[in-house]
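Under this note's numbering, the first residue of the sequence shown is numbered 11, with each subsequent residue one higher.
Incorrect hints may appear among the rest.
To be verified - Taking lysine-lysine pairs in the DSBU-like style, the calculated list, with each CA pair at most 35 Å apart, reads: (1) K251 with K76; (2) K269 with K249; (3) K176 with K76.
Unchecked claim - Beta-carbon label-pair distances, calculated as ranges: (4) F120 with A149: 22 to 32 Å; (5) I253 with A209: 34 to 44 Å; (6) G273 with V105: 14 to 24 Å; (7) L19 with R73: 19 to 29 Å; (8) W145 with R265: 37 to 47 Å; (9) F175 with Y72: 21 to 31 Å; (10) L69 with F175: 16 to 26 Å.
Read the hints as simulated data drawn from the structure, not as lab findings.
Cβ atoms here follow ideal geometry from the backbone N, Cα and C, with glycine treated the same way.
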Amino acid sequence: MMIELILTLLGGVLVGLLSSVLGLGGGIVMVPLLTIVFKMPQTQAVATSLMTIAFITLLNTYRFQKNKMINWRMVFVIVVFSAVSSFCGGYLSTVLNERVLLFFFILFVFYVFLQTLFLKHNVSQLPAGQQRSPWLWGALIGFFSGIISGTTGVGGGSIITPLLFKSRVEIQARVVPITNAVMLMNALFALIPLALQPAANSKLFTVGLIHIDRALLIFAGAVPASIWGTHYQGRIPLKVKKIFIAIILLIILIRMAYKFFIGI
Numbered sequence: 011m012m013i014e015l016i017l018t019l020l021g022g023v024l025v026g027l028l029s030s031v032l033g034l035g036g037g038i039v040m041v042p043l044l045t046i047v048f049k050m051p052q053t054q055a056v057a058t059s060l061m062t063i064a065f066i067t068l069l070n071t072y073r074f075q076k077n078k079m080i081n082w083r084m085v086f087v088i089v090v091f092s093a094v095s096s097f098c099g100g101y102l103s104t105v106l107n108e109r110v111l112l113f114f115f116i117l118f119v120f121y122v123f124l125q126t127l128f129l130k131h132n133v134s135q136l137p138a139g140q141q142r143s144p145w146l147w148g149a150l151i152g153f154f155s156g157i158i159s160g161t162t163g164v165g166g167g168s169i170i171t172p173l174l175f176k177s178r179v180e181i182q183a184r185v186v187p188i189t190n191a192v193m194l195m196n197a198l199f200a201l202i203p204l205a206l207q208p209a210a211n212s213k214l215f216t217v218g219l220i221h222i223d224r225a226l227l228i229f230a231g232a233v234p235a236s237i238w239g240t241h242y243q244g245r246i247p248l249k250v251k252k253i254f255i256a257i258i259l260l261i262i263l264i265r266m267a268y269k270f271f272i273g274i
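Please construct the entire structure, taking both the sequences and the accompanying hints into account.
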């Protein structure tokens, strides 16, 4: 019991470091960690990952709001669409076969892997802001980020951030704050159908399929690690970061594909 608690806390430290130093979304690490290390069913791993993301993005959103960096109008435009798709994604994760959910997760990690290798991060060259209608982009961002969050257990930041930059409906400095606020809303709406399911087996505390105990421990480990990591992430060249991210994603892809085909 104590060993599991310590391992979960250390898993949170790993999630915090990877997200703050490399910018790698926590859900991409959490779901494999929960399914492979802790032998958690895919649906419960999705639910627990989303709960952890809700905790982390709530803290981030609070910090950004204190500095008045969030355009809540843009958040509302996106969430109008993502609320429905997140809820539907969360519901789908309760009725779809475990292998189907795992397949969706593998596809998403593969997408992020390709994005890491080939996407050019020339965001400094984007205009400060343009008079474009946010509704089309809001619908696009909201639908895809919501459905991905609900079915895979990731926050959807890998979808939201690039599309916000591409849309140019918001200034660069507000993209990450808006992304965090949307991820928080996506996670909460996706958690509703997961929380309404029969309680999962747990030695501590669960709500439906959500292991609150695991989520809190991962969050407790991730917060100090991410604070520490933010002080050093600027010292690492972007090219080096991309190499490390690609290696980590490739390892995750291979391991999850092995689980998909072999079942271990």
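Hints, one by one, checked against the model:
1. K251 with K76: The hint holds at about 29 Å.
2. K269 with K249: 30 Å, holds
3. K176 with K76: 27 Å, holds
4. F120 with A149: 22 to 32 Å: 25 Å, holds
5. I253 with A209: 34 to 44 Å: 43 Å, holds
6. G273 with V105: 14 to 24 Å: 21 Å, holds
7. L19 with R73: 19 to 29 Å: Holds: the Cβ-Cβ distance is about 22 Å, inside 19 to 29 Å.
8. W145 with R265: 37 to 47 Å: With Cβ atoms ~40 Å apart, the hint holds.
9. F175 with Y72: 21 to 31 Å: For Y72 against F175, whose Cβ atoms are near 24 Å apart, the range 21 to 31 Å holds.
10. L69 with F175: 16 to 26 Å: 24 Å, holds
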